[in-house]
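Below, each chain spelled out in residue letters.
There are 2 protein chains.
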Amino acid sequence: MPVLLDQLRRAVGADHVLTEGDLTAYEQDWRQRARGKALAVVRPASTDQVAAVVRACAAAGASIVPQGGNTGLAVGSVPDASGRQVLLSLRRLDQVRAVDPANLTITVEAGCILQNVQAAAESAGFLFPLSLAAEGSCTLGGNLAANAGGTQVLRYGNARELCLGLEVVTAQGEVWDGLSGLRKDNTGYDLRDLFIGSEGTLGVITAATMKLYPQPAARLTAWAAVPSMQAAVDLLGLAHRHLGAGLTGFEVMNQFALSLVARHYPQQRVPLWQDTPWCVLLENSDHESEAHARALFERLLEAALASGCVTDAVVAESLSQAQALWHIRESIPLAQAEEGLNIKHDISLPVSRIPAFVAETDALLAANVPGVRLVDFGHLGDGNLHYNVQAPEGQDAAAFLRTQEDRINTLVFDAVARHGGSISAEHGIGSLKAAKLPHYKSPVALQMMRAIKHALDPKDIMNPGRVLAAPRGHE
Amino acid sequence: MPVLLDQLRRAVGADHVLTEGDLTAYEQDWRQRARGKALAVVRPASTDQVAAVVRACAAAGASIVPQGGNTGLAVGSVPDASGRQVLLSLRRLDQVRAVDPANLTITVEAGCILQNVQAAAESAGFLFPLSLAAEGSCTLGGNLAANAGGTQVLRYGNARELCLGLEVVTAQGEVWDGLSGLRKDNTGYDLRDLFIGSEGTLGVITAATMKLYPQPAARLTAWAAVPSMQAAVDLLGLAHRHLGAGLTGFEVMNQFALSLVARHYPQQRVPLWQDTPWCVLLENSDHESEAHARALFERLLEAALASGCVTDAVVAESLSQAQALWHIRESIPLAQAEEGLNIKHDISLPVSRIPAFVAETDALLAANVPGVRLVDFGHLGDGNLHYNVQAPEGQDAAAFLRTQEDRINTLVFDAVARHGGSISAEHGIGSLKAAKLPHYKSPVALQMMRAIKHALDPKDIMNPGRVLAAPRGHE
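One line per chain: the protein sequences are A and B, in this order.
The working numbering puts the last residue of the first sequence at 475; the count rises by one with no breaks.
The working numbering puts the last residue of the second sequence at 475; the count rises by one with no breaks.
If you are wondering where the hints come from, they were derived from the structure by calculation, not from laboratory data.
Think of the CB as a built atom: it goes at the ideal place given N, C-alpha and C, for glycine as much as any other residue.
You may find that some hints are simply not true.
[Said to hold, decoys possible] Now the in silico label distances, taken between C-beta atoms and shown as ranges: (1) B:G61 <-> A:A435: 30 to 40 Å; (2) B:G136 <-> A:Q32: 22 to 32 Å; (3) B:A303 <-> A:E302: 55 to 65 Å; (4) B:R35 <-> A:G61: 49 to 59 Å; (5) A:E302 <-> B:Q323: 28 to 38 Å; (6) A:R97 <-> B:D15: 52 to 62 Å; (7) A:S123 <-> B:N368: 54 to 64 Å.
Whenever a hint applies, use it, and build me the whole structure from the sequences.
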């Protein structure tokens, strides 16, 4: 290993091979679920340096854990406890390489902070729509490796749909320049989408060409009380018809989730929640004007009130009101934390199955876990629910999690499977869910995944054990 | 082989294993560029039958050529001349399995004719936007295998972007049920997009779940004269800003292309073409009303006339006028055929590079091929040009192609490569371009493609030689 360390120092400079001092920021995931120990933290500054690092590791048989902002929720980007894995930080690859206004593309390096990508797009007069809670510290490379979702997926898609091309260092340390700014290119297998979402297990994403969009002229927000989850689904259908591609947000929140915000953040004035089981936050991005957006919203809400799928509604009167409504939605996880430890599920279902799933699973948990309190909210427009469980009122939450978390996970994931859903909508698998995956994924799909992993990374040096649990010997 | 034929007859019924009679429709591509001879044409009626066919072929070491409507342009779906390949026709898998209005999805079998998918969507009140010239005879499975493009890509994406999930029979004859109707699912590698665009070389697509969209309230068409290709690109930027997601079509046509329509179809009244080097056809799909669409178009065209990127324009006054404008655009390939044999290129480039590419390549061809006549048209909004070459006036076109086609292809493809483009935007590689691919694709990408092919189809029985030319021995 001293030989490898020397090679790494030659590749990136001695100052950027960290083996001593406090490496917590690299070795621990931000939810503090896992703490590992790296052989070294290596911080290359260019694609060629990344390639040199990978070649050195491959020659030494050392495995590599790529890391961006280390904000992932599935423990996919921290080293294990062996002290033998190389932590490859992409943070110094942080340049915006090009903005192409006529082609509506931006090319950035993997370590670029998401907020900086948004800012670079905005200063060129465009929208880069990927947006999520960690945007101030997550990196675009990590967003692509995990196929991040967020709040604008309904209109613009996940990170995958926003990407036109990648630059990747392969597990052999070769550079694939696939930085295409092309919207059509049918010359062989879709390697781009194979690397996107593979969580660093097939190679290292070093740069990407992403789509830009025109800035909308106005963004307007409405808040509606709906009498049932089915009514929320009906409202979604109406909103698609009335707003078309203008519908950029559709978030649902149950009464208990909003009661936690009202309890822990009383200065936030949550509208309409006390008399309705569900509220919906809608966003309309209009390329004409705020007045036009308002007129469309009013027409939609009139139709929804007439049909009964909405019982009451407000439209934000100003940008600050709109931000306040979004802030309520974004405060739910924080209010949950204030309430105490809880169990999180990031699941997706066909939108049409959500009312039945929620009714059935709510009843199942109530029957099996006396006093259970469900915090149910999420991106209904994408079929993505954060179906979370709070300990019963007055119980010791830590003790509740210790005794109930596994059982509740199984109850929820089995219900998801019965309704044709996914146990990880936007957070990925990492090491946190790698052992669960074989229970919920088709064996034929898993077999193909393993074959692809072995084909592209035969030495199993790229983020081993993440996504695919350690195999029993190589096939 | 008699053993295999018996097994195939047991799998699908003797009536659906064709070995005699006129099999031209299966054995010849529709542009009549290649004619092969199949061991048998096999017509399964279910996914299980497809799996049985693949297992029988795998056991016998016989290779399989999957085929849908056999309308491809790259000779990817007809057997070779050996008489040893099994032609697997998917046409009898033609059911619409489900329409899910709340989830905005439709699940159909691979052999379903594209027009029938559109019709099923429409009768449920929705739009299925994939649309292309062969829609009356091509199948959805073929569209996915080739990642088809067409006229609505600008807004809705290629076949890939419209697909949420696949059912696939693997090269081992196993069934992968990946028919997800989920918009978010981060549970492992993106197998869906790997099969899409792989042209039958990795497995057989047997069904798919596709996205539906609300029907627009109105579709309006405009026709503009623009003074240069740069002006067309500027107009595209203006149109994105003014119409947002309403911009569903942006087609460019050069004067010579339109002159051929005027010459061979004088009953079609081509507007504005005589005094301008380029015309543009724009389509605005509006979810409000025709009046709203018209107001937006008028505002856009005023701005474009003021900025000088448009010199004259007309907006269709009726649906029949709109159809007539689209008909002119669609008549260009037919007018080319009337004019005589010609050389076709289906290329894509970053939109920003197209003015320089066209200027440079026009000059290059003029200098190298005296009297050359360029028919240049295509989906400018996607960066996709059909940059075609007509023989010089008065020359024998067949002789011209015989002596010049290879040379002209090389001139054009090399220019495409210099500008960061693709030699196959929407038609694929098939066998027609498989030998060319290594000249224009990164060796690192090709090596990964070969590794994936070998991992998923180690016996090389799935459509061998298409996309990837026959390797010199297995790696």
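Each hint tested on the structure:
1. B:G61 <-> A:A435: 30 to 40 Å: holds, 38 Å
2. B:G136 <-> A:Q32: 22 to 32 Å: For Q32 (chain A) against G136 (chain B), whose Cβ atoms are near 60 Å apart, the range 22 to 32 Å is violated.
3. B:A303 <-> A:E302: 55 to 65 Å: violated, 33 Å
4. B:R35 <-> A:G61: 49 to 59 Å: holds, 53 Å
5. A:E302 <-> B:Q323: 28 to 38 Å: Given about 34 Å between the Cβ atoms, the range holds.
6. A:R97 <-> B:D15: 52 to 62 Å: holds, 60 Å
7. A:S123 <-> B:N368: 54 to 64 Å: This hint is violated: roughly 43 Å between Cβ atoms.
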